[in-house]
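Number of protein chains: 2
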Amino acid sequence: MAELRKDQLRQSWITISDKRGKRPTDFSRSDSQSRDGASVGPCAFCHGFEHVNGHETFAIRDGDQDDAPDWRVRVIKNKYPAVSMDDGELKLEGEGTVYGACRLPGFGSHEVIIETPNHQLTLPELPASHIAEVLKAYQARINFFQSDSRFKFCQVFKNRGNRAGASMTHSHSQLIALPVIAHNRMCELDGSQDYYNKHKRCILCDVVKHDTQLQRSRLIDENEHFVTIAPYAPMYPYEIWLLPKRHASNYETINEDEIQAMARMLKLTLQKIDQAFRYPPYNYTLQTSPLGEGNFNLAHYHWYLDIAPHLTTLGGFEMGSGCYINPVAPEKAAEFLRNCNVGSS
Amino acid sequence: MAELRKDQLRQSWITISDKRGKRPTDFSRSDSQSRDGASVGPCAFCHGFEHVNGHETFAIRDGDQDDAPDWRVRVIKNKYPAVSMDDGELKLEGEGTVYGACRLPGFGSHEVIIETPNHQLTLPELPASHIAEVLKAYQARINFFQSDSRFKFCQVFKNRGNRAGASMTHSHSQLIALPVIAHNRMCELDGSQDYYNKHKRCILCDVVKHDTQLQRSRLIDENEHFVTIAPYAPMYPYEIWLLPKRHASNYETINEDEIQAMARMLKLTLQKIDQAFRYPPYNYTLQTSPLGEGNFNLAHYHWYLDIAPHLTTLGGFEMGSGCYINPVAPEKAAEFLRNCNVGSS
Chain Z
483 MAELRKDQLR QSWITISDKR GKRPTDFSRS DSQSRDGASV GPCAFCHGFE HVNGHETFAI
543 RDGDQDDAPD WRVRVIKNKY PAVSMDDGEL KLEGEGTVYG ACRLPGFGSH EVIIETPNHQ
603 LTLPELPASH IAEVLKAYQA RINFFQSDSR FKFCQVFKNR GNRAGASMTH SHSQLIALPV
663 IAHNRMCELD GSQDYYNKHK RCILCDVVKH DTQLQRSRLI DENEHFVTIA PYAPMYPYEI
723 WLLPKRHASN YETINEDEIQ AMARMLKLTL QKIDQAFRYP PYNYTLQTSP LGEGNFNLAH
783 YHWYLDIAPH LTTLGGFEMG SGCYINPVAP EKAAEFLRNC NVGSS
Chain U
483 MAELRKDQLR QSWITISDKR GKRPTDFSRS DSQSRDGASV GPCAFCHGFE HVNGHETFAI
543 RDGDQDDAPD WRVRVIKNKY PAVSMDDGEL KLEGEGTVYG ACRLPGFGSH EVIIETPNHQ
603 LTLPELPASH IAEVLKAYQA RINFFQSDSR FKFCQVFKNR GNRAGASMTH SHSQLIALPV
663 IAHNRMCELD GSQDYYNKHK RCILCDVVKH DTQLQRSRLI DENEHFVTIA PYAPMYPYEI
723 WLLPKRHASN YETINEDEIQ AMARMLKLTL QKIDQAFRYP PYNYTLQTSP LGEGNFNLAH
783 YHWYLDIAPH LTTLGGFEMG SGCYINPVAP EKAAEFLRNC NVGSS
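Here the protein sequences line up with chains Z and U, keeping their order.
Using our numbering, you'd call the opening residue of the first sequence number 483 and step up by one each time.
Using our numbering, you'd call the opening residue of the second sequence number 483 and step up by one each time.
Since the hints were derived computationally from the structure, they do not count as laboratory data.
Bear in mind the structure is a predicted one, so any value in this text is a computation, not a measurement.
No false leads were slipped in.
Pairs of lysine-lysine residues, derived as BS3-like cross-links and limited to a Cα-Cα distance of at most 25 Å, are as follows:
id, chain 1, residue 1, chain 2, residue 2
1, Z, 814, U, 561
2, U, 573, U, 559
3, U, 727, U, 691
4, Z, 680, U, 573
5, Z, 727, Z, 682
6, Z, 814, U, 573
7, U, 561, U, 618
8, U, 680, Z, 573
9, Z, 618, Z, 559
10, U, 814, Z, 561
11, Z, 634, Z, 559
12, Z, 727, Z, 691
13, Z, 691, Z, 680
14, U, 727, U, 682
15, U, 634, U, 561
16, U, 573, U, 634
17, U, 814, Z, 573
18, U, 680, U, 727
Using the sequences provided together with the hints, build the complete structure.
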């Protein structure tokens with residue numbers, strides 16, 4: 483059975499997922515794993531293989547029959563989930579004093595958002611209107627987990643390429659919902675609350691204002707509802723934040739106009755990354771407020787999409803300290819990405 | 483010029499290191515980088531190449547002539563440092579309100595501890611008495627940075643194998659000293675202080691006691707001064723904590739007996755990892771209290787060495803949430819490593 487465990491020293495939860503368990507000899511040392519899109523398909527995520535994956539939890543299609551093959555975006559349970567909703571009663575347990583109240587069953591949901599039935603297309607190769615449907619799927623699923631009070635946290639993310647953690651080449655994102663708030667989000671909530679207490683303003687509203695009006699050296703692109711910037715203190719080279727101009731702590735409150743504008747901006751940004759670094763592995767993560775009433779409509783927190791190509795290898799310094807060494811100043815990264823011409827979307 | 487920058491949202495410092503800067507096209511996509519020890523040498527870290535590296539900052543040798551080739555352990559400045567002591571006056575600056583007081587010059591020191599003059603030997607292949615000298619070099623350098631009040635933090639770490647961040651195969655560790663305390667250590671200090679406030683005891687003293695006396699399922703090995711355990715909530719599969727039995731917040735207070743015992747325990751542990759996973763890439767990081775009087779002899783913090791083989795690929799979930807998915811329960815990892823027989827050291 484999977485478990486969630488808290489490290490009281492580091493103040494963070496981790497997931498122990500036996501279902502994904504391996505014997506020591508099962509860990510591969512192969513490095514020939516970065517072929518992106520090299521698989522020819524079809525695969526289990528393709529059109530016509532719906533029966534392989536069990537029932538969908540959400541889909542966008544023209545017809546009205548669940549699990550039919552006419553979908554454009556389809557959400558299913560991950561076949562090798564890190565957590566599952568079968569895993570027992572949500573009761574904090576532990577072991578002695580030092581590990582007291584540090585264990586929960588591995589309750590949660592791990593879903594896959596299949597972005598297109600077409601095995602050959604990558605996300606930025608889809609029309610912006612189709613990318614908008616992927617973003618709507620994120621919204622629908624977060625709304626679903628908002629409606630179940632057992633869930634406290636939902637992380638939407640995309641791994642592209644094996645080196646970025648993807649095991650399937652067919653274009654997809656994922657979502658993990660948990661009954662605890664993950665460490666990084668707690669840190670961001672603390673940081674944004676601190677800033678708000680000092681200045682009575684949202685930190686990312688101030689970032690958008692500063693980087694579009696006062697000092698545009700980190701600005702990459704801008705449309706009516708969104709900006710992309712190279713963050714002032716980026717952890718990764720060419721890291722990009724895609725920020726909504728309208729203040730909102732919760733992604734799921736995004737409206738139709740904004741979804742369309744975000745889709746265009748995401749397409750443009752991923753096209754630039756693919757062109758600049760020749761289809762690199764990358765991740766993006768949706769940083770949005772935790773679930774539950776107490777975390778809804780916060781004045782201090784502002785959701786954003788954090789996009790990072792995988793260009794460097796992390797080592798012991800980053801692992802031990804959490805201080806990342808970035809070889810590219812964000813002002814230089816932004817200048818390069820701003821001038822990347824990929825044609826209009 | 484390198485810079486240190488603070489992300490006020492995430493509350494963490496990062497290093498922008500132009501000296502390691504690259505143009506977008508310089509980022510390699512090659513994956514054929516995990517050959518461990520496959521380089522035949524000699525290299526710049528080898529015996530007889532002392533002149534290539536500039537003056538040593540510390541060495542252990544029989545003779546008394548600096549930079550002479552009779553060293554056994556030698557510490558030099560990193561040729562491609564992330565930070566340097568030339569980088570300007572230590573004055574907090576910033577940009578506007580949102581990035582106010584968020585920038586320091588890239589002041590610091592980045593050193594390489596060459597663990598042996600012999601290109602062919604890995605750290606666990608050295609005699610324990612030689613490993614003890616490597617551990618003494620760590621101690622000497624931390625003591626040096628303790629004596630300079632501009633430094634607030636020192637991270638000792640080892641990257642073994644390219645996938646773990648190493649660019650040289652010749653056995654070495656590194657050290658980065660900074661004028662700010664890195665995020666992960668701040669979190670650990672908060673966590674250990676919280677536990678101390680609640681229980682009036684050190685959390686890692688309690689861990690040692692629990693895992694050696696009450697519930698030994700996570701215990702791997704034990705000698706007179708040290709234990710190795712699989713931590714209760716490990717971020718990585720087969721992560722190992724090497725913990726001193728005597729409470730001490732600062733590694734540099736280690737005594738001669740303890741250094742010898744730690745060397746034997748480190749040798750045994752790395753031998754087990756090499757045998758179990760066939761010479762995998764790995765990192766270890768020395769988690770010790772920050773520098774400065776206010777962080778010396780803390781009752782709540784307890785130094786330790788965190789050892790993690792690189793067996794899995796991290797993805798967007800870990801990047802966005804800080805919640806790690808570990809496919810191996812620590813009790814199973816400990817059982818396997820406990821029973822790993824590598825002969826006596």
